[in-house]
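Chemist: One letter stands for each residue in the lines below.
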Amino acid sequence: MSAYAMAVAGSEPFLERAPLLLRDAFVQLLPAPTQWLVHHLITIVAILAVFGLFFAFTTIAERKLLGRLQNRRGPNRTGVPQFSILPWRFKHTLFGLSQPFADAVKALTKEDIVPAAADKLLHFLAPVLVVAFSLLTFAVLPFGRNLIPVELDSALLYFFAAGSATELTIFMAGWASRNKYSLLAAMRALAQVISYELPLMLSVVPVVLVAGSLSTREIALAQGGWTFGIIPHWNVFTPWGFAGFLLFLVAALAESNRSPFDLPEAESELVAGHLTEYSGFKYALFFMAEYFGLTALSGLGITIFLGGWQAPVPFLGFVPSYAWFMLKLVGMIGFFIWVRGTLLRLRIDQLTRLAWQFIVPLALINLLNAAFWSLTRDWTGALQLVRWVISAAIVVGPFVLLGRKLNAGRAPRTYRYATS
Amino acid sequence: MSPAAPTQAPAPFGAPSGPTVRTVTDAFHGDLLEVSMGPQHPSTHGVFRMDVTLDGEVIVKLKPVFGYLHRNHEKIAENTSYLASMPYTDRLDYLCSMSTNWAYALAVEKLAGQAVPDRAQYLRIILAELTRIVNHACLVGFLFNDLGTSFTPLLYAFREREKIIDLFEALSGSRMMCNYQRFGGCRIDPSPEWLAAASRLVDNFPRFLDEYERMLTGNEILLARTQGVGRLKAANAINAGITGPVLRAAGVNYDLRKVDAYGFYSRFDFRVPLGEHGDTYDRYMMRILEMRESVKILQQAFRDLPTGPIMDPKAKIRGFRPKAGEAYGRLESPKGELGFYLLSDGTPNPYRYRVRPPSLINLTLLEEMCLGHTVADAVVILGSIDIVLGEVDR
Amino acid sequence: MLGSGILKGLAVTAKNFAGSFYDPERMATVQYPEERAPLGEHYRSFPLLVCENAADPLGTLRCVACTICEKECPPQCIYIEKSKDKKPDATGKPQLYPVIFTIDTAVCMGCGICAELCPFDSIKMDKVFEVTATNRFTGLLLERDQLAKSNAYYHSIRPAEAAEVDARLAAERLAAEEKAKAAALAKAAAAAAKAAAAPPTTPPSAA
Amino acid sequence: MESLEQIRDRLLARFPGATITLVPNPGPAAEHTISLDNAHAFEIARFLRDDPALQLDYCSNVTGIDWPEKEIVETKKVSVADPAGGPAKVVEEKTKRIEPGRLEAVYHLYSMALRHGPVIIRLRTGNRSDQVTVPSLTPVWRSCDFQEREIFDLFGIVFEGHPNLRRLLMWGDFKDHPMRKDYVEPDDYEWEPTPHAEVLERAQAHYPSVTPGVSAPAQVEAKP
Amino acid sequence: MTLALILLSVLILGSAIVALSLRNLIHSALLLVACWAGIAAFYLWAGAEFVAFAQGLVYVGAISMVVLFAVLLTRQGTASEPLGFASWQRFILALVAGGGVAGILVGAVLGTPLTVTTPGPVPVLTVKQIGAQLMGPHVVALLVVGILLTVSLLGAVVLAAEENVKSPEDEV
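Residue numbers (our numbering), protein chains in the order written: chain A, 1 to 420; chain B, 1 to 394; chain C, 1 to 207; chain D, 1 to 224; chain E, 1 to 172.
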């Protein structure tokens with residue numbers, strides 16, 4: 001709570017403190033016995049509102065970004081609704097930015113279809129639980145220097161515990177739909193989570209090792225400072241951190257069922273996978289949970305590899321920390337969209353093989369690498385360079401070797417031609 | 001020996017291509033999953049259906065089911081005049097109406113013994129090769145969609161296809177249902193501006209192909225998903241009548257443009273790319289390489305295009321009645337050997353009109369290619385065969 | 001190395017992302033209702049019937065109800081009923097005319113074979129592609145009066161082709177007139193000869 | 001490639017009991033065909049495929065043709081001797097004969113190995129009703145698989161020895177064979193609103209209350 | 001506090017009992033997950049944050065998946081068929097096994113001297129302290145567990161790495 005006390009004491013710029021001051025000002029208006037409850041409620045409402053809106057705009061951003069990647073424009077028609085009761089007509093399409101609200105109205109007004117043979121209870125519970133679980137993970141993310149909803153000592157553990165439960169709901173959805181495609185999707189979701197839970201955690205463990213803490217706040221704080229006043233001390237700018245970040249990205253893509261690991265939903269194979277029998281608002285809930293999960297994982301990635309809420313360069317330190325966090329979040333999600341716009345989907349056996357034959361060994365090696373890094377913390381000068389080289393060699397060598405083995409026998413081919 | 005009971009088991013029913021396959025009898029297997037993929041499935045390229053039996057995700061049995069788009073095209077054609085069937089041939093393979101038109105015109109010209117002026121022959125080759133590019137670009141795009149991209153390669157391909165389709169529209173009046181070829185020539189003479197625009201487009205096309213290949217051909221996921229998947233052995237492919245790029249991917253050098261040298265193809269210098277493994281990757285690469293060869297043909301055609309009439313002056317548009325007889329005309333459509341068998345009894349309507357659809361016959365070995373692979377692979381194998389349901393079901 | 005192909009792909013999509021903002025070669029989409037791609041000279045949608053005079057569309061239809069289009073139409077979407085009487089056409093020759101001429105645009109596939117086969121240059125292909133109706137039977141079943149469009153309209157949508165048709169028709173008309181003139185002349189000459197000539201002389205070798 | 005006559009002679013030498021006839025094609029295409037008898041067709045097909053000089057390894061196209069029963073009027077000029085002893089008179093004599101109907105399967109064979117073809121063979125059924133069986137060549141050329149099924153479906157030729165003879169395009173319990181010349185279309189599909197008299201008549205026969213200009217389903221619902 | 005404890009107990013015991021009585025295996029498995037989650041919540045209530053999250057991560061996140069996977073991959077026989085003698089045998093076996101475990105647990109609980117102390121300030125155990133405990137007095141146990149897990153993990157990797165069937169050269 002020292003950070004909080006510091007913030008309230010006013011040793012930080014006003015913008016940095018503004019959200020807390022706003023909350024406290026509101027809380028103090030209420031009678032004392034309810035204050036603790038309102039205090040937490042405000043946090044919850046703030047997360048819901050901010051990330052709800054963020055989700056809404058992520059959907060449109062994804063569609064527009066994908067559109068641009070594909071040389072289209074994306075949705076650009078939905079603007080200000082035209083109510084005839086208004087005396088004037090404000091006609092602007094707002095670049096289609098109100099598309100998510102139109103989508104929401106559509107999803108809410110659509111008929112909710114439940115298959116006759118479905119397991120009605122589970123079919124209903126799945127979308128509810130998936131949103132719940134995906135929202136739980138937001139509790140431990142440090143959105144700013146002082147903005148951390150719950151400070152937990154074992155925050156990372158909590159994060160993974162809450163996050164892994166979402167796959168369970170995908171299974172529930174797939175199994176309860178009584179649809180063969182959904183069932184296959186449920187199996188795939190289980191296989192995927194069994195394969196990728198481990199690499200995801202293993203890719204994070206080096207950071208825990210080096211930072212010496214499971215707390216997200218501590219990890220973010222540990223990445224403060226700059227070398228030569230320009231290179232931030234983010235974990236991603238170390239050899240093991242970079243490798244860990246890449247592994248984390250792959251595992252996060254798999255964990256959040258994004259392309260190229262969108263196997264449960266594989267629309268070209270399983271129609272819509274576990275979502276085949278969902279419509280209307282239940283479908284929207286799944287959609288929402290998927291984006292929440294993506295946002296949370298991106299947030300985690302930012303916290304543990306990209307310096308959390310820290311500013312990238314010292315002279316931009318005046319920008320409030322939560323703005324940096326959001327900026328990085330937008331960047332991460334943009335990257336995920338970019339990947340989705342480029343790559344094709346793996347097959348389920350290749351997916352598991354990638355996890356067990358490539359990512360898990362590499363993550364284990366990277367753990368060793370991090371151990372080496374933290375043991376050689378006091379190497380300076382020329383030794384610093386040696387440390388870098390050794391550390392880089394520890395990951396690059398196995399990467400090349402394992403990569404070669406993984407892709408053995410496969411290469412672009414040359415072809416012969418017949419002229420007659 | 002009775003023909004009904006061949007004692008010696010013939011070769012074509014070859015071994016499946018995947019790793020391990022359980023033998024499935026028709027008896028009930030409790031742990032097998034029967035999935036009817038289609039007719040409303042995103043990746044069956046229309047209203048095609050595969051009744052798939054799965055062991056986990058591995059296919060142990062696959063039965064293609066046809067006919068959802070059947071409209072008895074042949075019967076309709078037998079009840080109308082020769083010319084009135086021409087627009088219907090557009091609807092067979094609706095992605096490549098120009099070459100389908102040509103195949104029909106070729107068969108009718110063979111039936112009636114009609115000549116085609118030089119300029120029309122060149123125009124036909126130009127349009128057929130543009131169609132080949134359109135088809136292959138579409139196919140590759142759709143194949144990548146089946147492979148799970150979020151439409152990006154498809155839309156890049158469609159962007160380029162759009163430019164060619166615009167040319168078709170400017171020339172024939174319609175983007176896809178061109179109805180352009182006539183018995184003894186072509187319908188409309190392209191303007192010099194059209195030819196210049198087409199030539200410019202063709203010259204720019206390799207740039208697009210380069211970018212496309214840079215984006216995808218070396219992609220590790222593509223290699224993993226396609227190499228070694230859905231292998232086809234040359235001997236079985238020949239026996240099953242598989243033609244076109246699918247056959248050539250298996251290493252058989254059989255391209256009707258070279259074999260029959262119909263039209264003026266013998267005047268052109270081009271090569272036929274041949275695969276080695278006959279897997280999905282080879283089939284994909286065949287399309288890319290054929291597009292490159294098509295560009296070469298087109299450049300030669302634009303260079304050498306003669307002037308002159310586009311219609312045989314002796315050709316009859318109204319009251320066309322070929323002499324009694326029969327003819328089978330075939331050409332290398334982008335999907336394979338497209339043939340028209342016509343039987344005339346001297347009346348204005350064909351007595352027998354038959355389409356030899358490459359899409360349908362290329363599906364003959366679909367089950368054997370898919371056995372032992374997963375559902376995801378089946379979708380990709382089907383995509384790499386390149387079918388159009390308008391032609392499969394007719 | 002593993003991943004190089006993926007990185008190349010990412011680079012290409014990034015290039016396309018950037019290109020979509022400035023390169024019209026990449027961003028080929030047209031914002032349809034506001035912008036429209038130009039229609040080619042040969043673009044075709046549904047048939048129309050050309051008449052000579054916009055003021056009197058039904059009186060100057062070129063169609064003589066020969067029903068070639070009805071017979072040749074592949075989807076059989078044309079229905080024609082011939083008139084009992086004859087009306088003079090543009091050249092003054094008495095011709096039949098269609099009492100009923102309907103085209104079911106819901107069935108029509110726009111192949112253009114009717115326009116191609118019409119010996120009287122009467123049926124031509126329109127370029128209007130935005131055809132919507134709330135009722136298939138009243139909105140898409142076009143009657144003769146709806147199909148009749150003036151020659152000026154035909155010129156406006158297909159200038160080159162219309163000019164060619166006009167020239168051909170004018171030539172035909174000229175030829176017909178000349179023939180008529182020659183026939184009239186011959187007749188007159190014959191009459192004159194008859195009047196002038198004495199009975200025993202040989203008949204004039206007119207024409 | 002050998003000429004068709006040479007092939008026939010070779011086949012006759014190889015299969016002495018077989019009846020193999022050449023069917024000429026009068027049209028400009030001049031693609032003449034060989035007609036095989038059903039008893040030997042399978043063996044001959046296998047021979048054609050495996051013969052090193054022919055190697056017809058690729059069966060491109062298989063199609064059916066329906067020849068309904070048809071009355072042929074032949075006019076023959078006969079010189080009749082004048083009973084009175086005058087010069088012989090040439091009299092036209094008309095003979096009517098009924099040519100029995102049959103179904104025919106036509107196979108277009110090519111060689112991919114030697115790049116020649118086509119050799120076209122025809123198989124004929126006895127009639128169009130009860131003797132509609134011909135041997136299946138699918139065991140020889142797998143490409144006949146779907147095409148023979150299609151012919152079975154649309155023409156009703158039964159291919160004996162086909163491993164999986166089911167309807168291909170029509171649904172399983174469909175009764176007739178649509179490509180036969182005497183096939184009558186059912187009138188139970190939704191009628192087209194074109195004012196063609198015969199379409200209207202047919203529609204009215206099926207839905208008695210149909211009037212042009214009103215959508216059919218509405219009228220059907222309105223029926224008592 | 002007691003209300004929370006009662007609710008948690010109801011959740012844990014209720015879901016466990018219902019899970020036992022259901023015929024639908026998937027439902028049982030999902031209720032088991034609920035039971036585990038309840039136990040995690042109980043740990044949290046008891047102030048053992050680390051154990052609670054570990055319980056959630058391991059049981060809710062991982063073991064539940066394995067259980068579900070096992071249920072889905074198990075061939076279902078004809079369920080209605082009475083097992084007869086075999087059933088009795090199993091029942092006795094289950095009784096012996098379950099009773100043994102229960103006996104040991106009860107013995108352990110009863111054998112522990114539960115000295116009820118006055119509820120003073122609960123010491124907040126940080127992860128660091130737990131770590132220090134594990135790496136200090138209990139290092140042997142930790143090492144043994146670590147080696148065991150590593151061996152099983154490596155075994156899993158080796159099993160996965162082994163090409164089960166070499167992609168055969170037979171083609172269609």
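Careful, some of the hints might be misleading.
In silico EDC-like pairs for lysine to aspartate or glutamate, Cα to Cα no more than 20 Å straight-line [unchecked claim]:
(1) K181(D) with E93(D)
(2) K71(C) with E78(B)
(3) K63(B) with E78(B)
(4) K128(E) with E151(A)
(5) K127(C) with D166(B)
(6) K87(C) with E177(C)
(7) K180(A) with D55(B)
Chain A stretches covered by chain C per the calculated footprint, using a threshold of three residues with CB under 8 Å from any CB of chain C [stated by the list, open to error]:
(8) 103 to 111
(9) 339 to 346
(10) 404 to 416
In short, the hints are calculated from the structure, not lab data.
Computed from a predicted model, the values in this text were never measured in an experiment.
Heads up, the beta-carbon is just placed ideally off N, CA and C, and yes, glycines get one too.
Chemist: Indicate, hint by hint, whether the structure satisfies it.
Modeler: Evaluated hints:
1. K181(D) with E93(D): violated (30 Å)
2. K71(C) with E78(B): holds (14 Å)
3. K63(B) with E78(B): Between K63(B) and E78(B) the Cα gap is close to 31 Å, so the pair fails against 20 Å, i.e. violated.
4. K128(E) with E151(A): holds (15 Å)
5. K127(C) with D166(B): holds (15 Å)
6. K87(C) with E177(C): Cα-Cα ~18 Å, so holds.
7. K180(A) with D55(B): Distance ~13 Å between K180(A) and D55(B) Cα, so the pair holds.
8. 103 to 111: Three-residue rule not met by the segment 103 to 111 of chain A, so violated; n is 0.
9. 339 to 346: Coverage by chain C holds for the segment 339 to 346 of chain A (4 residues, Cβ < 8 Å).
10. 404 to 416: It holds: at least three residues are needed, and the segment 404 to 416 of chain A offers 3 whose Cβ sits within less than 8 Å of chain C.
Hint compliance for this structure: hints 1, 3 and 8 are broken, all remaining hints hold.
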